[in-house]
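Colleague: Since chain A is already given, all that's left is putting chains B, C and D with the ligands on it; use the hints.
Same order as they appear, the protein sequences are chains A, B, C and D.
Using the UniProt record's numbering, the first residue of the first sequence is number 1, and each one after it goes up by one.
Using the UniProt record's numbering, the first residue of the second sequence is number 1, and each one after it goes up by one.
Using the UniProt record's numbering, the first residue of the third sequence is number 1, and each one after it goes up by one.
Using the UniProt record's numbering, the first residue of the fourth sequence is number 1, and each one after it goes up by one.
Since the hints were made in silico from the structure, they are not lab data.
In this text, all values refer to a predicted model and were calculated from it rather than measured experimentally.
Hints may contain errors.
[As the list claims (entries may be wrong)] Below, a sample of chain C positions facing chain B; criterion: calculated Cβ distance under 10 Å: (1) L159; (2) I163; (3) S170; (4) A171; (5) L175; (6) E193; (7) E201; (8) G217; (9) E239; (10) G248; (11) S254; (12) M299; (13) S301; (14) Q344.
[To be verified] Sample of chain B residues lacking proximity to chain A, with all beta carbon distances greater than 12 Å (derived): (15) A47; (16) Y89; (17) G195; (18) A200; (19) G218; (20) R343; (21) E347.
[Stated by the list, open to error] Ranges between beta-carbon positions, derived for each pair: (22) P105/B - D49/A: 34 to 42 Å; (23) T327/A - S9/B: 32 to 40 Å; (24) G263/A - T327/B: 39 to 47 Å; (25) P235/B - E166/C: 54 to 62 Å; (26) P22/B - D49/A: 31 to 39 Å; (27) G263/D - H120/C: 48 to 56 Å; (28) G263/A - G167/B: 35 to 43 Å.
C-beta: ideal position from N, C-alpha, C; glycine also.
Number of protein chains: 4
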Amino acid sequence: MRRDTATSSRKRDHLEICYEQPVEAGDAGFGDVRLVHNAIPECDMDAIDLKTRFLDAKLDSPLFIAAMTGGHPDTLEVNRRLARAAERYNLGMGVGSQRAALENPELEGSFTVVREEAPHAFLCANLGIIQLRDHGIEWAERAVEMIDAQAIAIHVNLLQEAIQPEGDHSAVGCLEALRGLCEEFSRPVIVKETGSGISAETARKIFGAGAKAIDIGGYGGTSWAKIERLRATAPELAELGEAFLSWGIPTVVSLCEVRRAGGPTIATGGLRSGIDIAKSLALGADLGGMALPLLKPAMESEEALSATIEGIHRHLRVAMFLTGSLTVADLRHTRTYITGLTRQMIESNDKTKDPARRLHGY
Amino acid sequence: MRRDTATSSRKRDHLEICYEQPVEAGDAGFGDVRLVHNAIPECDMDAIDLKTRFLDAKLDSPLFIAAMTGGHPDTLEVNRRLARAAERYNLGMGVGSQRAALENPELEGSFTVVREEAPHAFLCANLGIIQLRDHGIEWAERAVEMIDAQAIAIHVNLLQEAIQPEGDHSAVGCLEALRGLCEEFSRPVIVKETGSGISAETARKIFGAGAKAIDIGGYGGTSWAKIERLRATAPELAELGEAFLSWGIPTVVSLCEVRRAGGPTIATGGLRSGIDIAKSLALGADLGGMALPLLKPAMESEEALSATIEGIHRHLRVAMFLTGSLTVADLRHTRTYITGLTRQMIESNDKTKDPARRLHGY
Amino acid sequence: MRRDTATSSRKRDHLEICYEQPVEAGDAGFGDVRLVHNAIPECDMDAIDLKTRFLDAKLDSPLFIAAMTGGHPDTLEVNRRLARAAERYNLGMGVGSQRAALENPELEGSFTVVREEAPHAFLCANLGIIQLRDHGIEWAERAVEMIDAQAIAIHVNLLQEAIQPEGDHSAVGCLEALRGLCEEFSRPVIVKETGSGISAETARKIFGAGAKAIDIGGYGGTSWAKIERLRATAPELAELGEAFLSWGIPTVVSLCEVRRAGGPTIATGGLRSGIDIAKSLALGADLGGMALPLLKPAMESEEALSATIEGIHRHLRVAMFLTGSLTVADLRHTRTYITGLTRQMIESNDKTKDPARRLHGY
Amino acid sequence: MRRDTATSSRKRDHLEICYEQPVEAGDAGFGDVRLVHNAIPECDMDAIDLKTRFLDAKLDSPLFIAAMTGGHPDTLEVNRRLARAAERYNLGMGVGSQRAALENPELEGSFTVVREEAPHAFLCANLGIIQLRDHGIEWAERAVEMIDAQAIAIHVNLLQEAIQPEGDHSAVGCLEALRGLCEEFSRPVIVKETGSGISAETARKIFGAGAKAIDIGGYGGTSWAKIERLRATAPELAELGEAFLSWGIPTVVSLCEVRRAGGPTIATGGLRSGIDIAKSLALGADLGGMALPLLKPAMESEEALSATIEGIHRHLRVAMFLTGSLTVADLRHTRTYITGLTRQMIESNDKTKDPARRLHGY
Ligand SMILES: Cc1cc2nc3c(=O)[nH]c(=O)nc-3n(C[C@H](O)[C@H](O)[C@H](O)COP(=O)(O)O)c2cc1C
Ligand SMILES: Cc1cc2nc3c(=O)[nH]c(=O)nc-3n(C[C@H](O)[C@H](O)[C@H](O)COP(=O)(O)O)c2cc1C
Ligand SMILES: Cc1cc2nc3c(=O)[nH]c(=O)nc-3n(C[C@H](O)[C@H](O)[C@H](O)COP(=O)(O)O)c2cc1C
Ligand SMILES: Cc1cc2nc3c(=O)[nH]c(=O)nc-3n(C[C@H](O)[C@H](O)[C@H](O)COP(=O)(O)O)c2cc1C
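Chain A with its partners taken away, still in its complex shape (with noise of 0.2 Å):
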C-alpha cells in the first residue's frame, strides 16, 4: 500500500502548498485581451441568460469549476463544499484525480461525497492519462460509476510528470490508450492539460482520437513546475522545476490553437475574474474553469465560496452588459483587441516550420 499512500498524502500536500504560497506562475495573456465596448447595448443586466450547454449538459453559468482534489481524507470537507456550490449554482464541476481511490477504494470517500452534495450537478470524473493506459478502460468506468459523472476528463500533465521524483516517464501507448477509451466509452471524453495547454496539433490528435472536448490547462494559472520545486527535496529536481517554470503555452494562445480545430473547450489556466471569463467565451471557448480561485474559499467555509462564486457572476454579468450580451451565445460574439506578447505569440503560429519560412514567407 506505499504507493496509495504516497499518492494520497501528495494530494493533502498540494492543497496545502497551494493554500500557503504562491503558486502561479507566468502570464496567461488575459491582459492582451479586451473586450470592445458596446455603448448602447439594447439588453437588461438583470435579465442576463448565464445558461448554456456543453456536451448536452444544461448549465446554469459557463462557470466551471476545475478539477481539484479528493483521494485524501483531508480533502473530504473542500469537495463537499466545492459540490454543494455545482448543485446550488448547477456549475459544471471536475474532481480532483481519482487515482488514489482506484488504488485504495478506502479512499472513495473524499469523492463520492460530490455526488451526494451534488445530485443534479454535471460532474466530470478525472483521471491521468498514464493511468488510463496503465489500467485499461475499466479504471475509467471505476472512476465515473464511483461519482455517476457524466463525462469523464482525462488530464495530461507530463511536465509535472518529469520533474516530480514519484513520475512517470513514459507517455508512449497513451494516445492509442486514448483513442481506444473514446470508441469505447459509454461517456464524452475530455482530455485536460494541467497547466501548459495544448497546440493546435496536439489539439488536431486529440480531436481525432475521438475526444468530445478539450480542456485549455494553460500556461499562466496555477504552475505544477512551482509547486514540484516547493515540494522538491533532490537538488536536481528542484532545479528542474525552476529551469521549466516558463514552459507550457499560455491559456489565450492555446485557446486560439484549439479554437482553430473545431471542437468544444473550456479554458482554464489564469482566468482570475469573470471578466476572463466572459474573454475566454469571446475568444470561442464554451466555459471558463477555476482552480486555484475557488480553492482557497472552498477551504475556509461555504460563505466564502460562494461569496466568490457570486463575485464571479457579478463580473461576467456586467462584461456581458456592456458587450450587448444577453446570452453566453451572444458573447461568444463579440469582437476582441488581441495585443501584445500574446498577438505575437498567436501572429508566430500560422507559418510552416521552417523559421526563415515562417518569418519571411518564401
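Modeller: Positioned in the frame of chain A, the structure of chains B, C and D with the ligands alone reads:
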C-alpha cells in the same frame, strides 16, 4: 422628492471627488500619436484661424467645454464661469446631465445661468439615454428649452449605471428611443459616451438611428469606474469599480473606429492639452472636448479658467503652426505617426470575429 | 542697436546653457538601428578611407562640424578651435547663424576667424530662413562673403521661434524666398533644421525649390525647446517649452523620409559617436554632423577637441571595418536592422492621410 | 620569443577574467523563443536518444564543448577535464586557439593532453583566420596533427582584433586563404565566430569558399569587447571596448540567417541551459555549443563539470520529451514561437538594402 435629492447631491459629490482626488485611469493613446513636423510651414502663427463649424454653429475654436455639471445649487458658480468663458471665447459648451432639474424644476437655476451668461454660445443640452427612454421626447424638449440649446447630447454611461448603487441596469429600448428622438426632434442629436468610448459597430448604429454627431467619451481620461469606486460604500460595488477600471475603448482607438462611420465627432476623454486637440483633429475629429482640465480652474476663479483656455489655445496654435495648418481644416489633413499599443489595437480591429481568422487570415 | 545686442548676447547664453545644463531631449533612434556584422570583412582597418565628397567638396571624413556659434566676442575662441580642427582634419564645417554680424558688422570677428584658421576647409555660411525672407539675397551674399563660404545653410527653427520671447511668428514667404535664393545664388544652398527634423513632404518642397542638400537637424539631440525653457523668464513660455519638449521627427525617422526624396543629406541631431555616423551613412546620409559633442571639448581646449574627433574617427573606422566597408561608399551599402519605435514610425509613414485607411488598407 | 609569451599569457589572463568577472553582454535571443508544448508526446523520456551526427562523426549528444583554451601551462588542467568529459559523454569538443603552441611548440602540452584524455572524441583543432592567412595551410596541418583532430575550426574575431592592443587590423586575404584551405585540406573546415555572429551574406561567402559548417558564435554570451575592456590599459582601447559592447548579431538572429544558407551549423553564444540547446536545434542548428557555462566547473573539478553536463542533458531531455522528440531529428521539426526584438530583427532582414524600400515595399 427622495430621488431628486439623490440625483442632485450626487452632482455635488462628483465635483468634490474630481477636485480632490485622482479620478483618471488608463491611457487615451495620445502619447502614441505624433504629428508630423512641417519645417517650412508657410503660415503666420498669429494669423492662424481657430474658427470652425460644428452642426451649423460657427465656433471660434475647436475646443469644446465637455458636459460636466448643474443640478445642485453648489454647481451654479462653476457653470456660470464655464458659460462666461464659452461666451468670451465663443466655444461650444455642453451642460451636465439635466435630469436633476427635470425631476425637480427648483434646481433649474444652475442650468439656466449658462444661457444667461452665454447668450450667443453654442450650447448642448444633456440627457441620459435611460432618462430619454423613460420620460420620452418631452424631457428632451424641456432640457433644450431650459437653456435654449442648439443641440442635445444624449449621454450613454452604462458602465457607470452597472456599478453605481443607484444604477439602472437595463438599456432595453434605448436605441429605439434614440431613433424616435432623432426622427422627431427639432435640434440635432449628439450621442455621447462618458469614458468607455464608442466602437465602429456602435457608431454605425448611432448614425443609423439618425444622430448627427458622436462625442467619443473615450477611455483614458476621467474614469467613472474610479469615481464610483471612491463613492461606493458597499464593498461589492467598490470591488466592481476596481475590476472595471481598465474597461473601455481608448479615445484615440475609438476615434479611429468612429471616423470610419463617417459622421462628425467630438473627441473627449483624456485630452490634456492643445496638442491633444491638434492630434484629435489630425485623426479626423471635428472638435476636441475637455472636462476635467477645465473643471479645476472653473472651481477656482474666472481668471484661472481663462488662463487655462488661453494656454490650451496657445499650444494648439503652436501645433497648427508647426504642421503648417493655417486653419482647422488644414490641421485635419496633417499626417500622424501612430505607434505602440494604440496602433496594435487599431490594427486588431479590422478582421472578422473569429480570432483565428482575425489573426491568421484564413 | 538694441536688437543686435539681443541677438548677440543670446549666442553667449546658449553656449553657457549648453555647457552647463542637460540640453538634450528625446531619442534620435540610433539605438533602434544596428549595423549587420560582417565576420570576414576582407579589408584592412588601417587602410580604410574616410574620404568623401559633398557638393563638389573633397572631405577627409564624413564627420561634419554642425553649425553652432559666432556673433558674440566670447564665441571667437570656440570658433577658432573648431576651425583649426576643420583645417587639420579637412572636415566640413558650418558656422552658427551670422545674423548678429549681419546686423552689426562689428561682430564679424567671431566668424571671420573661421576662414582665417581654416583656409582650405569646406565652410557653410548660416542664415535663418526668416532673415533670408526679411533681408533678401543680399544678406546671404554678405554671409557667404564674410567667411568665403563654399555653401550656405539656410536654417529653419520655427519651433524655437514659436516658443522664444524674441521669436518671429510668421513663416509666410519663406519658401518663396528660398526658391529665389536657389535660383539666383552662386553657391549651393542647404536647408537645415535645428532639432525637429524634416518630413518627406517638406523634403520634396525643399528640393523642389532648388536646394542642393538637406541637413536633417532631427529630434533627439540638442533640444531648443529645452534650451528656451531654461532661458524663459515668462512662465507661459517656460510652459510652452515644456509642452513641446517631445515635438519633432527623430533623426533616424526623418533621415529615412528625406532619403526617399533622393538628394544629398547631412544627418544631424543626436549623433553621439562614430558608430552613429556609420549608422547614418548606412541609412543613406552623406555626412554625419555633430554639434553638442564637439561644443564641450571646443570650449575647453584644442587638445580636447582633437581627442574627441579622433575618438569619433576611431569608432567610425572600427564600425566600417566590421561591416567590411573600405570606403564611405561601401558603408552606404551596408544592411541594417531597424527595430522598436523607430521602425513603427517609419512603417506608420507610408499610407494615405486617412488614419483608418492608413492602418487598415481599405 | 616575446610574441609567444604574449599570446600564451593572454590565454591565462582570459581564463582568470572569465572566472572572476562578469564577461557576458547583451541578449542572445533565447528568451524570445519558446518551444511549442506537446501535451501527448507519445514518447518515453528515458528512451530519448541524444545521439546525433555532425560531419560524419557520431556523437552521443548535440552538446558541443566550444573552443576555449590551451597554450599556457596553467590551462592544461582545464583542458584535461574538458577532454575527459568529452570522452566520457562522447561529446564533440573544440580546443582553444592553437596559435601559441604553433608559435612555440614547447606549449603544445596543454593541447596534446586533450587527445590523450579523449582518444575517441570528435575534436576540432582551432586556428585564427589571420594566422591561417599569415602562415598558410601548414599551420592548419600542424594544428590538426597536434591533437589528431577530425576537423578544424577557423575562428574569426575581428571585433576583438580591432579593439585589443595586440590586434591585427587587416583581414585582407582571409577569404582567399579560407578558400585555399578548404580546397586542399584533408579535414572538414568549420568557420566560427567568437561573439559577433554570422550574417546571411557572410554565410553564403563561407559556404561558397568550401567550408563544411558554420559555428555561429553569436552575440549575447561571452563578450570579447567586455573582456578586452577589462584587460585594456590604454584608455582609448577601454573606451573602444565599451562602445562596441553592443556590437554583433544575436545568436538566434544569426542562426536564422545562416540556416537560410543551408549548411550544418553549431549554435554558440549565450546558450545557458539544455533548453537553449533544444531551442537552437528547433531553429535548425545541428549542435549547441557552450563555452562559459562549462569553463567555470572545469576550473573547479571533474565532478563539477560532470554535474553541469548532466544537468544540461537533463534539461534537454525534458524539453525533448515535452515536445515529443524522441530523437534530435524530431527536435529539429518542432515548432517555435518567436517574439520580441529577435522577431523584429529577423523580420527586418529580408528586404533589399534601401531602407525606404526595405520598410515600405516600393
Ligand atoms: C490544488 C490543485 C489540484 C489539482 N488537481 C488536479 C487534478 O487532480 N486533475 C486535473 O486534471 N487537474 C488538476 N488541477 C489543475 C486544475 O484543474 C487547472 O487546470 C489548473 O489549476 C489551472 O487553473 P487555475 O490557474 O485556475 O488554477 C489541480 C489544480 C490545483 C490548484
Ligand atoms: C465632474 C464631471 C461630471 C460629468 N458629468 C457629465 C454629465 O452629466 N453628462 C455627460 O454627458 N458627461 C459628463 N461628464 C463626462 C465628460 O463630459 C467627459 O466625457 C469625460 O469626463 C471625459 O473627458 P475628460 O477626460 O476631459 O474629463 C462629466 C465629467 C466630469 C469630470
Ligand atoms: C550651442 C548651439 C548653437 C547652435 N546654433 C545653430 C545655428 O546658429 N544655426 C543652425 O543652423 N544650427 C545651430 N545649432 C544646431 C546644430 O547645428 C544641430 O543641428 C543640432 O544641435 C543637433 O545636433 P546635436 O544633437 O549634435 O547637437 C546649434 C546647436 C548648438 C548646440
Ligand atoms: C575563456 C574563453 C576562451 C575562448 N577562446 C576561444 C578560442 O581560442 N577560439 C575560439 O574559436 N573561440 C574561443 N572562445 C569562444 C567560444 O568558443 C564561444 O564561441 C563563445 O564564448 C560564446 O559562447 P558562450 O557564450 O557559451 O561562452 C573562447 C571563449 C571563452 C569563454
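Colleague: Taking the hints in turn, state whether each one holds.
Modeller: Each hint tested on the structure:
1. L159: holds (6 Å)
2. I163: Given a least distance of 7 Å, the restraint on I163/C holds.
3. S170: holds (4 Å)
4. A171: holds (5 Å)
5. L175: holds (5 Å)
6. E193: holds (5 Å)
7. E201: E201/C check passes; min Cβ-Cβ to chain B is 7 Å, inside 10 Å.
8. G217: holds (8 Å)
9. E239: holds (7 Å)
10. G248: Result: holds, 6 Å to nearest chain B Cβ.
11. S254: Status holds, d = 8 Å.
12. M299: With a closest approach of 29 Å, the M299/C hint is violated.
13. S301: violated (35 Å)
14. Q344: At 4 Å from the nearest chain B Cβ, Q344/C passes the 10 Å test, so the hint holds.
15. A47: holds (40 Å)
16. Y89: holds (30 Å)
17. G195: Per Cβ check, G195/B is inside 12 Å of chain A; nearest 10 Å; violated.
18. A200: violated (9 Å)
19. G218: violated (9 Å)
20. R343: violated (9 Å)
21. E347: violated (9 Å)
22. P105/B - D49/A: 34 to 42 Å: holds (41 Å)
23. T327/A - S9/B: 32 to 40 Å: With Cβ atoms ~38 Å apart, the hint holds.
24. G263/A - T327/B: 39 to 47 Å: violated (58 Å)
25. P235/B - E166/C: 54 to 62 Å: holds (60 Å)
26. P22/B - D49/A: 31 to 39 Å: holds (38 Å)
27. G263/D - H120/C: 48 to 56 Å: 52 Å Cβ-Cβ, so the 48 to 56 Å window holds.
28. G263/A - G167/B: 35 to 43 Å: Holds, at about 39 Å.
Violation of the numbered hints given earlier is confined to hints 12, 13, 17, 18, 19, 20, 21, 24; the remaining hints are satisfied by the structure.
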